[in-house]
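Residue numbers (my numbering), protein chains in the order written: chain A, 13 to 207; chain B, 1377 to 1642.
These are calculated hints, taken from the structure and not from any lab test. Watch out, some of these pointers could steer you wrong.
Computed from the model, here is a short list of chain A residues facing chain B with C-beta under 7 Å [claimed, not checked]:
id, residue
1, Gln79
2, Lys81
3, Glu101
4, Asp111
5, Pro113
6, Ser127
7, Leu180
8, Gln181
We treat Cβ as the ideally placed atom computed from N, Cα and C, and that holds for glycine.
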Amino acid sequence: MKGGRTVDAIAIGASAGGVEALTALLPALPADLSAAVLVVIHIPRDRPSVLAELFAARCKLEVREAQDKEPIEGGTIYFAPADYHLQVEPQRYVSLSVDEPVCFSRPSIDVLFESAALVYGPRLAGVVLTGANEDGTNGLAAIARAGGVTVVQDPADAKMSLMPASALQRTTADHVLPLERIGAQLARLGGGTAA
Amino acid sequence: MTLFIEAVYLKYHYDFRGYATASLRRRLATAADRFGCRSLTQLQERLIHEPGIFPELLNYLTVQVSEMFRDPAYFKVLRESVVPLLRTYPSLRVWVAGCSSGEEVYSLAILLREEGLLERTTIYATDINPRALERAEAGVYEIDRIPKFTENHRDSGGRTSLSDYYTAGYGRAVFDKTLRKNIVFSDHSLATDSVFAEVQLVSCRNVLIYFDRKLQDRAIGLFREALVRRGVLGIGSKESIRFTRHADAFEPLSRDLRVFQKRGDA
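Please work from the sequences and hints to get the whole structure.
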C-alpha cells in the first residue's frame, strides 16, 4: 500500500470460475466502501443475466445491473448485462454497446478497463481474476499506463490461471494476491474499513 | 477526438458530436489501424485529402451487426401486444430508425405479413450510412447466418417458416422482393434531421446507447413527435428512456422489453 492511496472506482474482470471467485470476493467488500465497483464477467450471451439479483442478496453494498447512461455512484456494484459491453463515459456515467466482441467476449473486460482508465486515470483500480482467455490483458495494461492500481489474482490460486497469467505477462501488477486477500486490499483502496 | 469529430462534421456534415465517447473512441482506433494510420491526427489528414475513404470510415463508425429477430422476446411482444393495436388502423406507417443493413426491417416486414398487415403498411427504414442502406435494400445475407435467424424467428412466435421468405444460392440468402414493396429506404439522421411522417410504430433498438443524453433527448423527441396518440415505441432491451426528458410522455407496455406507448395527452 502506497501511503493509504485510494481510488474512486474498482473495475473487476473474471471469466471461467468467475462466479465462484466473485462469490468469495464481493460479499467481503465493506458497507462503507466509497469507491464504485464495475464488474465484467463472461456469461452466456443468449439469456438475461441474473448476477445482480444473485449478488444483491449476499453483498453489503448495493448491487445492480448497469443501465445505459446511468451515473456511476460510489458504494455500488454494477454488473455488465449479458451480451453488452460495459463502458465508462467522461462524466462518469455508464454506457453500453453491442459493438463486436473483443477476445470473443461481450461483455469484454478490455473494453471496460480501457474506457475506465481514460476517465478515472490514477483514481482507478483494475482487478483480473480467474479465467481461461486473454481478455483483460490489454485493459490492465491501459490502467497501468494511466497510473491506476493493478491487482491480479495469483495464477496459482486461480481456478483458471490463463487469464491472470496473461495479464501478468504484460503488466507488472502492483498486487498479486490470492483471492482471500484481494477483498481486504480492495476495501483499503476503495476507502472502506478493511474487515 | 473532439477535433476529429468537428472536422468530420465541417467537411462531411455527419454529426457525431452527440455520440457517447467510449464506443466511438474504440471504433476510431480500429479505423485508424485499418487505414494504416498511427494516430487520429494522421487519419484526419488522410480524410481531408482523400474524401474517397470517407464511406469506409463511416462503416467503421456506424455499422452494427445485427440478426433477424434479434431478441425474439421483443418480437413476441410486438406480435402479441402491439399487433392488435395496429389492426385498428386502416393504413399503417412504421419507422425503423437506424436500420443499418436491414435485418430488423425484414424481421418486421415478415412479422407484419404473417399477421396480414404488411399490405396496408409503409415501413420507413432510415440510417445515416448510405452503404448500409444499399445493403439493407438488397436484402441479401450470408447463408451461414440463416440458422440463427431461423431459430430467432421461431422463438419470436413466427407463424410460418423463414425459408418461405428467401431463396438460397451461392452461399447467400436473397430475401423475397415482395417484402420490399412496402419498404421505403431513406437517408435520415437522428442528430440533424427532423420528423418526416406520422407513424403508429417506431422501432429503434441498440441505436440510442450510442448517443449521449442530449442526443438521446433529441432522438426520443423526434419519435414522440412522429408517433400518433397511443403510438408505440420499441427500444433495445438494455436501453432506457428514464434518463431523457420525455420519460413522462410514454408508459410501458412491457417494462422488461422496453416497449412503450405514447400517452394520450403527450
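Under 7 Å, Cβ to Cβ, is where proline 113(A) needs to be relative to chain B, so tell me if that hint holds or is violated. Violated, because the Cβ-Cβ distance from proline 113(A) to chain B comes to roughly 10 Å (cut-off 7 Å).
Interface hint compliance - leucine 180(A) to chain B, C-beta minimum distance less than 7 Å: 24 Å, violated
Hint status (Cβ of glutamine 79(A) to nearest Cβ of chain B, threshold 7 Å): 5 Å, holds
Would the hint on lysine 81(A) be counted as holding, given a Cβ-Cβ threshold of 7 Å to chain B? 5 Å, holds
Cut-off 7 Å, beta-carbon criterion: hint that serine 127(A) touches chain B: 4 Å, holds
Glutamine 181(A) as chain B interface residue, shortest Cβ-Cβ below 7 Å: 22 Å, violated
Mind checking the CB of aspartate 111(A) against every CB in chain B and telling me if the closest is under 7 Å? 6 Å, holds
So, as I understand it, the hint says glutamate 101(A) touches chain B; can you test that by seeing if any CB pair is closer than 7 Å? 6 Å, holds
Of the numbered hints given earlier, the model fails hints 5, 7 and 8; all others are met.
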